[in-house]
Amino acid sequence: MKDRYSRQKMFKPIGEDGQVKLGKKHVLLIGCGALGSTNAENLVRAGIGKLTIIDRDYVELTNLQRQNLYVEQDCHEQLPKVIAAKNRLQAINSSVWIDAHVMDANYDTLRPVIEQQSIDLIIDATDNFDTRFLINDISHKHNIPWIMGSCVGSTGMSFTILPGETPCLQCLLDAMPVSGATCDSVGIIAPAVQMVTAFQSAEALKILVEDYEALRTTLVTFDLWNNYFQTIRVERAKKEQCPTCGKQPIYPHLQYENQTKSEVLCGRNTVQIRTGNEIPIDILATRLRKIGQVKMNPYLLSIDYESYRTVIFRDGRVLIHGTNCKDIAKKIYYQLIG
Amino acid sequence: MKDRYSRQKMFKPIGEDGQVKLGKKHVLLIGCGALGSTNAENLVRAGIGKLTIIDRDYVELTNLQRQNLYVEQDCHEQLPKVIAAKNRLQAINSSVWIDAHVMDANYDTLRPVIEQQSIDLIIDATDNFDTRFLINDISHKHNIPWIMGSCVGSTGMSFTILPGETPCLQCLLDAMPVSGATCDSVGIIAPAVQMVTAFQSAEALKILVEDYEALRTTLVTFDLWNNYFQTIRVERAKKEQCPTCGKQPIYPHLQYENQTKSEVLCGRNTVQIRTGNEIPIDILATRLRKIGQVKMNPYLLSIDYESYRTVIFRDGRVLIHGTNCKDIAKKIYYQLIG
Amino acid sequence: MIKILLFAQLQEEFGVKDIEINLMETTVSQLKEILKANFKFPSLDHCMVAINEEYAMDFDTVQSGDTVAFIPPVSGG
Amino acid sequence: MIKILLFAQLQEEFGVKDIEINLMETTVSQLKEILKANFKFPSLDHCMVAINEEYAMDFDTVQSGDTVAFIPPVSGG
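Residue numbers (the UniProt record's numbering), protein chains in the order written: chain Y, 1 to 338; chain E, 1 to 338; chain B, 1 to 77; chain X, 1 to 77.
These aren't lab readings, by the way, just hints derived from the structure by calculation. There's no promise every hint is true.
[Claimed, not checked] Only some residues are given here: those of chain E computed to face chain B with a beta carbon under 10 Å:
id: 1; residue: Asp-124
id: 2; residue: Pro-167
id: 3; residue: Leu-173
id: 4; residue: Asp-174
id: 5; residue: Cys-183
id: 6; residue: Ser-185
id: 7; residue: Thr-323
id: 8; residue: Ile-337
[Said to hold, decoys possible] Calculated Cβ distances over 10 Å to all of chain E for the following chain Y residues:
id: 9; residue: Asn-42
id: 10; residue: Gly-267
id: 11; residue: Arg-268
id: 12; residue: Asp-282
[To be verified] Distance condition first, Cα-Cα at most 30 Å in a straight line; then the derived DSSO-like pairs of lysine-lysine:
id: 13; chain 1: E; residue 1: Lys-238; chain 2: B; residue 2: Lys-32
id: 14; chain 1: Y; residue 1: Lys-12; chain 2: B; residue 2: Lys-36
id: 15; chain 1: E; residue 1: Lys-247; chain 2: E; residue 2: Lys-141
id: 16; chain 1: E; residue 1: Lys-290; chain 2: Y; residue 2: Lys-9
id: 17; chain 1: Y; residue 1: Lys-290; chain 2: E; residue 2: Lys-238
Think of the CB as a built atom: it goes at the ideal place given N, C-alpha and C, for glycine as much as any other residue.
Pulled out of the complex, with its shape left as it was, chain Y reads as follows (with noise of 0.2 Å):
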């Protein structure tokens, strides 16, 4: 009864066999904003054996709302999140082995962490689409299970991706989503966060004890100021010329030539940015104004944004001014663009 998981063995369809395994299982977390910040919390106070996390940024005060694993003070000494996560992890639980890696999330950098080790389950805490494809992918082609997850205002989303049984992402969205809308465009309550963090978290157990029988086998969204709810049938989403997940899968966002890819203008304090799609700037537009002052033409968008000017090019390029460092330009783009 003394045990710290006692609560957790008790429960019947975890037991003591679910935690033994849960003990020797190891996830990969991508993104360690609100939805990583929880997720992480969960799955190491659940004593799983190993987690992996990924992020780029540092810890600023608009976190703070919602972002639960940081405080004031990791503010004043701007530190990496993976960095301010861990301490807090390992005061939670120090037998979790915690690799945390300050980086941004690309086909580059997650591949070495793939191929050398084995994962049991990938959970996306992302905030955009472009890193969102890339799991789907990189899910299929190891056969390692993933858990999506996005929240903005007060709604969100879930839903549990088995690769070679259920339907993808590229089945359910078709195309890459222009622009979603991003927590930095119309805000984000932390309930909503929340919310999101459960049903991920509850499905990340599930997986985790291998009881496969009672994942969620449905889209769930939800809006919590609005009390709306909704639980999706999807299987008839599932394609067999599904480019990811059909019989003949080329894993599109894996090539090259359709990653987001980043440059450093020389001289210029400009990082430019090159997706493989067109941005409809119009629609862009009206959300943007929002949040700063916005210029537009036929061809561009230009907006200042932090202490940014970004020119967005309908082509699908991107120009962020007044920095020459891409993680700063990437995560400026991530919070316009989503």
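Keeping the supplied structure of chain Y fixed, place chains E, B and X upon it in accordance with the hints.
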């Protein structure tokens, strides 16, 4: 933009005005275990004016699996939960006024807290129905909304009670449940806690920013492992003759004879607890057999649990042998009986 | 066919999480009696009952096609 | 009557959170056209659509009594 609440103010139903309102509000949180931790953290991160927390317990190793505010060090120091909570909450947000009370929540102790200051909302994070019915009476007598929450295993429920509008707990449950399943007898997983707090905190934000239109009017209940979710319309449960919210309220749980009382039996290293009701010891026996050695005869049930021998009489008396401390005895009592 | 959803500890007591009963029409209290008679010791008396996500009383009618949820109060926190 | 639920940023774009439309039968793509014609600029094209909580395609039929949810992908995390 550099404001710590910027992402919350961008959320339209809160906005600048809502944030100002939040900063003036005072919430009373009863209990600082699993539901209490997360509710407290959400409210403090959101920037309410003042949070009063009441809990009689100290941090133990078995709490760490789900109680978000606490770390291993708090266990080693055996800190009272509200003290450990306050330390963490002030590190999260130094500008919120935290008023922490290490005490049992009963009418004698709550009365001064309620009567000496204005309270905008009470949040239920208790682990027993005695205290919930007490909160229900206090809420109606003093016209303060409260948000019920409870969880066990992978299930939970929440309901928002507005005096004079919604049915109250007494309307919904008719009689005091003889015994609710407890986390200490059937276990609990952290995502179930977070799902309840997601609902509670979202409702709290609506009440505190005075967006009453947005309040959920249904009772929500779910089972995360089995993928159940129900939102139950309860308008018709409201009763005119309800002793708490009816036309002639008598607030039964504020009356001395109905309160659960405890007394130290001198020289016997025993505390006696007297409830107002009969206890169905046969129903209880099935559940308690899982966590300790149970003996039974037609009049009583005895169980060895933790380092105490507890004897439960059918007529509503309970003896906890092995302690002279009422708070320890009450804790054991609620862990067993709920 | 009436579909019955069991919440929380009822799942353990019944050994299943849902039940389908082939009945055209009954009342909540009759339904409780049927369940008590066919399953060993369920603590149904103190449950909340909802028919198609609406709070129900003992005398309410349950019809074929309805989903009835039995929700025992849980006290954990 | 077809009930339409709008999620996330669509609520702001439409200015309402749900809509009822008096139609006996239509398709998902026709419904999108109707909404686009009657409301200023909704970014419906990239939404997921569910009819009565089942994933739907553009050619699927929507009937009176159905609830249709338009769910734009949100990217926050």
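We went through each hint and held it up to the structure:
1. Given hint, Asp-124/E at the interface with chain B, holds; its Cβ is 7 Å from that chain's nearest Cβ, closer than 10 Å.
2. Given hint, Pro-167/E at the interface with chain B, holds; its Cβ is 8 Å from that chain's nearest Cβ, closer than 10 Å.
3. With a cut of 10 Å, the hint placing Leu-173/E at the interface with chain B holds, because the nearest CB-to-CB distance is about 6 Å.
4. Restraint check, Asp-174/E versus chain B: the minimum CB separation of about 9 Å is within 10 Å; hint holds.
5. Annotation: Cys-183/E was flagged as interfacial toward chain B, and the flag holds, the nearest CB pair being 4 Å apart, inside 10 Å.
6. Among the interface hints, the one on Ser-185/E holds; its C-beta lies about 9 Å from the nearest C-beta in chain B, closer than the 10 Å criterion.
7. At about 22 Å, the closest approach between the beta carbon of Thr-323/E and any beta carbon in chain B exceeds 10 Å, and the interface hint on this residue is violated.
8. Given hint, Ile-337/E at the interface with chain B, holds; its Cβ is 9 Å from that chain's nearest Cβ, closer than 10 Å.
9. Not every CB of chain E is more than 10 Å from the CB of Asn-42/Y (nearest about 5 Å), against its label as outside the interface.
10. Every CB of chain E is more than 10 Å from the CB of Gly-267/Y (nearest about 28 Å), matching its label as outside the interface.
11. Taking the minimum C-beta to C-beta distance to chain E, about 24 Å, the non-interface status of Arg-268/Y holds against the 10 Å cut.
12. Distance check on Asp-282/Y: its Cβ is at least 21 Å (rounded) from any Cβ of chain E, clearing the 10 Å threshold; non-interface status holds.
13. For the suggested pair Lys-238/E and Lys-32/B, the alpha carbons sit about 23 Å apart, so the restraint of at most 30 Å is met.
14. This hinted pair checks out: Lys-12/Y and Lys-36/B have alpha carbons roughly 24 Å apart, not beyond 30 Å.
15. A hinted pair counts as satisfied when its Cα atoms are at most 30 Å apart, and Lys-247/E with Lys-141/E qualifies at roughly 12 Å.
16. At most 30 Å may separate the alpha-carbon atoms for a hinted pair to count; Lys-290/E and Lys-9/Y meet this at roughly 12 Å.
17. Note on Lys-290/Y and Lys-238/E: the hinted pairing is violated, with a Cα-Cα distance of about 44 Å set against a maximum of 30 Å.
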